Every structure is written in C-alpha cells, then in structure tokens.
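**Student:** Okay, here's what each chain looks like letter by letter:
Protein chains: 2
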Amino acid sequence: MFIFQSHFLLLFKVLKKHKMNRITQLFGIQYPVVQGGMIWCSGWELAAAVSNAGGLGLIGSGSMDPDTLRVHIRRCREATTRPFGINIPLIFAHAPAFINLAIQEKVPVVFTSAGNPAKYTAMLKENGIKTVHVVANTKGARKAEESGCDAVVAEGYEAGGHNGKEETTTMVLIPHVVQSVSIPVIAAGGIGSGRAMLAAMALGAEGVQIGSRFAASTESSAHPVFKQKILEAAEGDTKLSLRKLIPVRLLDSPFYKKVSDMEANGASAEELLAFLGSGRSRKGMFEGNMEEGELEIGQVSAMISEIKPAGDILLEIVEEYNALLPTLKPV
Amino acid sequence: MFIFQSHFLLLFKVLKKHKMNRITQLFGIQYPVVQGGMIWCSGWELAAAVSNAGGLGLIGSGSMDPDTLRVHIRRCREATTRPFGINIPLIFAHAPAFINLAIQEKVPVVFTSAGNPAKYTAMLKENGIKTVHVVANTKGARKAEESGCDAVVAEGYEAGGHNGKEETTTMVLIPHVVQSVSIPVIAAGGIGSGRAMLAAMALGAEGVQIGSRFAASTESSAHPVFKQKILEAAEGDTKLSLRKLIPVRLLDSPFYKKVSDMEANGASAEELLAFLGSGRSRKGMFEGNMEEGELEIGQVSAMISEIKPAGDILLEIVEEYNALLPTLKPV
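Residue numbers (the numbering used here), protein chains in the order written: chain A, 1 to 331; chain B, 1 to 331.
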C-alpha cells in the first residue's frame, strides 16, 4: 500500500511537472517553447537541438532556396525523432514552392509569417500539418483564426527582424490578442528567460517563441562575429528601422546608421530599396560583415551574455520559469 | 478550540490575502499599485480616490504652479487619511519650489522624473519623505539607487507621455532593472489590468504604476472629450513622437500628424519647438481641443473601454490579479 501510494505520488508529480497545455498538445512537445525560425540563424542543427531538448525547433526558410530547404528538412529529421517545423515568410517568392515542399516532406508543423495565411492554411491542414501564423495585431489574429490556423504567434515591437506597423509591445499585444481569438496564443518579442516566459504566460499566452536567445546559441548558424555582437549589445542598441518599407528591428551598425541618416533626411521608399540592394542580411548575419551587412536582433539582446548549447538554454528557461512561479504571491 | 482554529485560519487568510511586500511596506499602503502622476489628469480628486481604495495616489505637478500644487496637496489631505504623493518632473522650472513645498506640507511620498534625482533626494529623505525616481534604463536606475532613492519606477516604451531614448519595452526593461539594483522596482508602461500587473510582478517588479487607465477614470481631471478619445483609441493609435526633443507618446490627432509630417521632412529641434509653442497639452488634455492640443496616452488605451471610478478600477485590477495567479501552472 505504501509502495502503491509512493508510485502514485511520483506519477502525480511527473504529470504535474510536465503539465500539458494546448500548445504542448498541439505540437506533441514537452515544453511550450518554440524556437523562432530566423533567417541565416536557424538551420537544421538549431531546430533539431531545440526539438531534442523538448521544445519545438523551426527551420527558418526565409534565407533558403527550395533545394537548400529540402536538405535542411531531411537533416533535421535524421537528427531528431521529435516534432519540428519550418517558418515560411509568405511575401517571399519561394513561398508556394516551400508550401509544396512541406507537404511532400511531411513536415509536422508550418509557421507562416509576413503575409495572408488564408491562401495556404487549408491545403496545409488537409495534409495533416499543424499551421500557425505570426501576427502583430488583433486583426491579423482573427484572420488567422478564420483561415483555420491552429494557433497564432503574437509578436511585439521589441522582437528582432520584421515587425508590425502598430509598434504594439508584447505587454500590450498579448492580452489583446488572447481576448480576440479562441485558438491558443504563442507570445514573441522580448522573451529570452524563464522570467519573461512567466510574464508571457501571465499575459494569457500558452507558449512562447524565442528568437534572439537562440540566435546566440552554439547550434545557431549565425556568423561567430555576429554572435559576439549580440553578446556586446547594450540597452538601446537595437532600432526599429525602415518604417517606410517593412519595419525591421536592426542592431546598431554602420549599415543601420546609413539607413537611419537616409530616413532622417526624408529618403523615399524607392531610394531606400535601391540602397539596400540584395544580400545584405546574408552579408551581415551569415558572413559576418559588421560594416555593410544587415543585422536583425531583438531588444532582449541587451541581456544575453553567453553563447550556450540550445538545449541548455531551453532547460535553463524552463527551470527558471518553474522556480519563479511559486514566488508570485497574492496582493 | 475549533473557534480558535477558525479565527486563526481567518487571520492567516487575511494576512495571506493582504500580502505585504517591500512596496506596500515602503508607502504604508494595502496594494502595490501606484497611480501615475500625469499632467492635466491627476489632481487631488484622482490621487485621493486611489489612496482611499488602498493604492498610492499621486498628484501630477507638471501642469501646476506652486500655489495650485499647494491647494491640491491640502485638498488631497482633507479627502484621504491615507498616504499619497506628488510627482515632480525635475526639468520643470518650478521643480525647486515644488521640492520645498513637499517638505513644508509634509507630503509622505515624492516621485521625481525627467532629470537627475541626486540634487534633491538627500533633502527629501532628511525630511522623512519617501523618494522614488522614474527611469527608462539600468543606468538611470543605478544612479537613482546611489542617490538614496527608496525605489525606482522603470517605465517602458509603451507608456504614454515622456519616454526613454532607448525605446526599451516593459517586457525587456523590468527584468534588466531588477537585476541591476537592490531597491524595489515599480513597473510602468502598458499596465492597465490585473493580467498585465501579474506579468509585471513575474518580471520581478514589486509594484506597478498605472497611468492611462486612471486618466480614463471618473475622478481624472482630463477633459471629457479627451476621455472619450481614450476609449475610442485602437491599436497603433498612439505614436512615439518628438524623438529630436524629448520622446513623448501621443495619441494620433491633427496635432500629432502635423508634428509627424515636420519630422518626416527633416524639421530641426528648433523648428519643432517653435511649432509646439506652449500650452499645447493644457489645450488638448484639459480643455478638450482635439485639433490643436497635445494628447498624451499609452498604448494600453487600445484596451480601455469604460470610464469608471478610480477605486473600482483599482479593485478590479487587484481582483483580476488574484484570480489569475492560481491559473499559472508549471511547465
């Protein structure tokens, strides 16, 4: 009887410890932590490392062509038996090919961003793929829900890379989106610790998407020089830029300064596009050219101080979350 | 024995319910909720209403002269026996007179903002006044701690009115400031609900400062037309503006559009100052001129839908906080 009880207690503790919610159930993962699909940073090595540690790893397709993406999907599948996904920016020319590739390769999860999910969601879901869309406002969240998405990522102003025109921060955006849709909400923007994850869950999110912290992980394919710059970033060192095109959060750099000067002097969208040319983000984030390259990273970089394996980062976040939870008291 | 136990249990519940922390102890208040000292919105009526409900009400001195402030302090004292405070923007010409007034009138708490607290903190504290400084970065927080402040308010990018140059959001700013100082941190920016308060406390804050939600309260001295505009504000309707002078978050309006056009066309700080002239905020927030007046409000206005008595707002926030706390689960 005593043995039975102690087993029962153990089972209860395990269940309580690995509390399921709608996000862990949706993806079939252990912890409701998604690694953001980032251009030039998140190939198969990072995605597999996060999925192996119990989160959901995403391959960022935005910097790939279809052949490259196929290689990354296959390698990721070799490196993990657990669920993983790909992120597809819908404004990208390769998007239709990527959608077909996801279906052919039976990728378990697709996150779409930067565009209208209505076009592809039904097709993805008919093929058994869990589909999530990234939004920056409640209108986008409602459209994603109507188009059949299983969940939304709501991403705040503090996030690195592409950003919403409303500039709504995570603190304000998450409760508003949670109130506006019935599907589960994954919070993104400014989250790099268990403390911030706890805050996101308090705001009503059922999971978090973490980008910058994983961009600075061992398995990230970011150039070592860019990873070092992330560690060195201080408060105020990331700037929302290119509001006339698509707003994007950049690390302060000679490239950013040039863009900023052009904007302050009233440059048109065409002039900005001409200056940007192509290949700027590859040059910066992948090739390590800190002068001419575009460097996308979030505000939370000011608190990132160490490059670690992605699995260690994930477990540190989960442990911090669970350790801080009981410290919250009624008022 | 049973009766003793039930009394004991009741006492325990009461103590647990009204959990003290460093912020409630510092100010001698029931709930760790501070009503932000806002120009043209927070006179003695609002401050007294919040203090009477168990929070800390602040008279916003930034729109007053010394005689007016003295009247507000005295009326506030007549209207509540509980602690209250005043907010003093240190860049304001009347600041030295306000500091002396706070000492003469034995105001229990002074919040300073927009300037260096080192000049006045010692004097205020020698006179038994609890002193708090508002900051937007860790450097400011450390300076406030070194100057002897009892606490800091860390205010994020989403907040209405004056704003930090770094544009760091509440989600990123609070844990960074908490990690940087030993004195308690009060979170501000984007907080208008119990949900957001819970998130702020998860980030390590020991109290919250709430502005916009109280600007739209019955006791707020904002013009009824401005209060109505706060209710109508949608996502993206507040804009960080005047980055060349002191960044300030404004509600979208004809005045904002004019400033924004000038900025987009490369207007200098001098040209902007000349256009602003004086009395713009009085005209907008106090006199209800929605065309020419300056309207300061936070991003959280997009979620404010009703004008209520300040005491009801405070209790609703506290109840929501306490109701949501047990819904947070381990992961």
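No lab work stands behind these hints: they were computed from the structure. If you're wondering where the values come from, they're calculated on a predicted model, not measured in any experiment. Just so you know, not all the hints are guaranteed correct.
Because identical chains cannot be distinguished in the list, a pair is counted as satisfied if it fits within a single copy or across any two copies.
Distance condition first, Cα-Cα at most 20 Å in a straight line; then the derived EDC-like pairs of lysine to aspartate or glutamate [as the list claims (entries may be wrong)]:
no., residue 1, residue 2
1, K239, E263
2, K257, E306
3, K125, E270
4, K139, D237
5, K106, E232
6, K329, E319
7, K130, E105
**Student:** Tell me the hint numbers this structure goes against, listed in increasing order.
**Tutor:** 2, 3 and 5
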